[in-house]
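S.K.: Listed here are the chains, written in short residue letters.
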Amino acid sequence: MIVSTLKNVKLPNLYVRMLQRFASQANNPSPVDANKSLSEFRKVYVEFLPDPTVEFRNPIREKLERLDMLARRAHIDIPEFYVGSILAVTSSDPHSLGKTNRFVGICIKREGCGLRAKFILRNVIDHQGVEVLYEMYDPALQKIEVLRLEKRLDDELMYLRDALPEYSTFDINMEVEILPEGSPVPVNPLKVVLKPKPWLERWERQNLKGVEEFEVSPRDRERAEKVATPWLKYDLMKNYMKTIPEEEQSEIFNEIQAQLQQLELTRKKMKRKRSFVKPFKLG
Amino acid sequence: MINTRSFFPVINRLNRNIHTSNVQNEIQKQTRLRVVDNSEIGKRAMAEGRPPKCIHVYNKTGVGRLGDKVLVAIKGEKKKGVLVGLKQNQKTKVPKFDSNNLVLIDDGGTPLGTRIHVPIPTVLRTILKEKTYAKGTDYTKLLGIASKFV
Chain A
0 MIVSTLKNVK LPNLYVRMLQ RFASQANNPS PVDANKSLSE FRKVYVEFLP
50 DPTVEFRNPI REKLERLDML ARRAHIDIPE FYVGSILAVT SSDPHSLGKT
100 NRFVGICIKR EGCGLRAKFI LRNVIDHQGV EVLYEMYDPA LQKIEVLRLE
150 KRLDDELMYL RDALPEYSTF DINMEVEILP EGSPVPVNPL KVVLKPKPWL
200 ERWERQNLKG VEEFEVSPRD RERAEKVATP WLKYDLMKNY MKTIPEEEQS
250 EIFNEIQAQL QQLELTRKKM KRKRSFVKPF KLG
Chain B
0 MINTRSFFPV INRLNRNIHT SNVQNEIQKQ TRLRVVDNSE IGKRAMAEGR
50 PPKCIHVYNK TGVGRLGDKV LVAIKGEKKK GVLVGLKQNQ KTKVPKFDSN
100 NLVLIDDGGT PLGTRIHVPI PTVLRTILKE KTYAKGTDYT KLLGIASKFV
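So the protein sequences, as listed, match chains A and B. Using numbering that gives the first Met the number 0, read the first sequence as starting at 0 and increasing by one per residue. Using numbering that gives the first Met the number 0, read the second sequence as starting at 0 and increasing by one per residue.
Among the clues, some could well be false.
[What the hints assert, rightly or not] Sample of chain B residues facing chain A (criterion: CB under 7 Å; computed from the structure):
| # | residue |
| --- | --- |
| 1 | 94 |
| 2 | 95 |
| 3 | 96 |
| 4 | 97 |
| 5 | 113 |
| 6 | 114 |
| 7 | 117 |
| 8 | 118 |
| 9 | 121 |
| 10 | 122 |
| 11 | 125 |
| 12 | 149 |
In case anyone wonders, no lab produced these hints; they're calculated from the structure. Note that beta-carbon positions come from the ideal geometry of N, C-alpha and C, so glycine has one too.
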């Protein structure tokens with residue numbers, strides 16, 4: 000620290016920049032607040048954190064991607080959503096000229112980071128299960144709406160593919176459910192009933208919380224117990240390698256915090272504008 | 000202990016439909032498909048629990064993709080059909096379905112049914128248009144009987 004400041008004293012340009020940073024820190028809220036916002040950012044803007052795999056790290060590419068993401072976010076409102084939330088995505092449809100395509104469904108998976116962030120929506124339309132994979136920063140997307148903001152008990156809901164269809168059926172004409180401002184994201188404790196075997200995956204091995212008790216043959220149960228690795232969650236090194244360290248996270252979010260907050264402000268303004276709903280005729 | 004183990008496979012086999020093979024993620028020869036139009040032969044085949052089996056894929060790879068023409072064995076007959084929804088993972092914005100869907104057509108491309116009762120992907124508009132050429136089979140006819148696009 001001392002060495003770095005001494006170096007800066009020698010270079011007037013850098014020194015000025017340091018002073019500016021100190022000044023801006025003085026204006027900013029207290030560090031406790033900053034920490035709080037960091038934990039919020041981590042949950043809301045997951046895709047801004049890079050892939051922790053060492054081979055894939057490339058600081059320059061990550062930075063450029065972040066800039067591109069912010070540029071895209073200035074054009075389209077990408078709201079906060081989680082696995083288990085119900086979304087409606089409107090995308091331009093190159094296959095029918097001048098028209099758009101709107102798909103409503105429950106988010107069953109979120110993956111990827113940076114510009115490659117993706118999510119899968121699932122719905123049952125006319126008794127037919129349909130899933131669509133969307134890229135979050137796809138320029139063809141025109142609108143992303145969150146119809147119901149909530150979480151489920153699991154981080155991934157791929158088991159909905161093997162669950163009874165009523166658990167993934169959502170009305171296409173569903174209306175937006177508005178949460179009171181400042182309230183935490185509700186967790187839906189719904190437990191899903193699985194169809195009998197054959198399944199797409201061995202769900203008995205995955206320790207699912209959002210699934211009702213299901214019958215498993217003793218042989219499968221034995222095997223599940225044999226291959227289980229309950230000690231892995233205590234492996235500190237593995238956890239460390241799977242996550243981005245906190246210092247690096249705060250560095251990333253400090254860099255883009257101002258722009259993100261600006262975007263949020265404009266979103267709030269837009270929301271207030273939209274609060275008046277024109278009455279429409281029924282039937 | 001030994002008794003339960005020897006019993007379980009028997010019970011499992013009894014529970015399963017013996018006539019149907021598992022749904023495959025790739026359409027190739029011997030794959031079971033689901034007829035989604037209201038053609039008489041298709042409806043009866045599905046109601047009897049003997050879905051059509053793919054016996055040929057009309058492309059060079061032998062693996063059926065979205066919009067490909069296939070030859071199926073259905074109720075002891077050979078019929079042609081177009082794949083209108085796959086279980087396979089698709090590109091972004093292209094829907095992936097829970098079953099492998101088929102619409103039966105005749106040699107001219109006219110669908111045997113009058114309505115498709117599940118949603119079909121909008122990409123098919125482009126794919127089928129590209130496959131149709133003058134004096135050939137007109138695949139775009141089946142788009143006319145679709146009830147919903149996703």
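S.K.: Each hint needs a verdict: does it hold in this structure or not?
M.R.: Now for the hints, and whether the structure bears them out:
Satisfaction of the interface hint for residue 94 of chain B is found here, the shortest Cβ-Cβ separation to chain A being roughly 5 Å, below the 7 Å cut-off. For the restraint placing residue 95 of chain B at the interface with chain A, the shortest Cβ-Cβ distance is roughly 5 Å, inside the 7 Å limit, so the hint holds. At about 6 Å, the closest approach between the beta carbon of residue 96 of chain B and any beta carbon in chain A falls short of 7 Å, and the interface hint on this residue holds. The interface hint given for residue 97 of chain B holds, since its Cβ lies 3 Å from the closest Cβ of chain A, which is under the 7 Å cut-off.
Taking 7 Å as the C-beta contact cut-off toward chain A, the hint placing residue 113 of chain B at the interface is violated, the least distance being around 16 Å. Taking 7 Å as the C-beta contact cut-off toward chain A, the hint placing residue 114 of chain B at the interface is violated, the least distance being around 11 Å. Interface restraint check for residue 117 of chain B: the shortest CB-CB distance to chain A comes to about 4 Å, inside 7 Å, so the restraint holds. With a least beta-carbon distance of about 5 Å to chain A, the hint placing residue 118 of chain B at the interface is held under the 7 Å criterion.
Given hint, residue 121 of chain B at the interface with chain A, holds; its Cβ is 4 Å from that chain's nearest Cβ, closer than 7 Å. The criterion of a C-beta within 7 Å of any C-beta in chain A is met by residue 122 of chain B, whose closest approach is roughly 6 Å, and the hint holds. Contact between residue 125 of chain B and chain A, as hinted, is supported at the beta carbon level, the nearest pair being about 5 Å apart and thus within 7 Å. Annotation: residue 149 of chain B was flagged as interfacial toward chain A, and the flag holds, the nearest CB pair being 6 Å apart, inside 7 Å.
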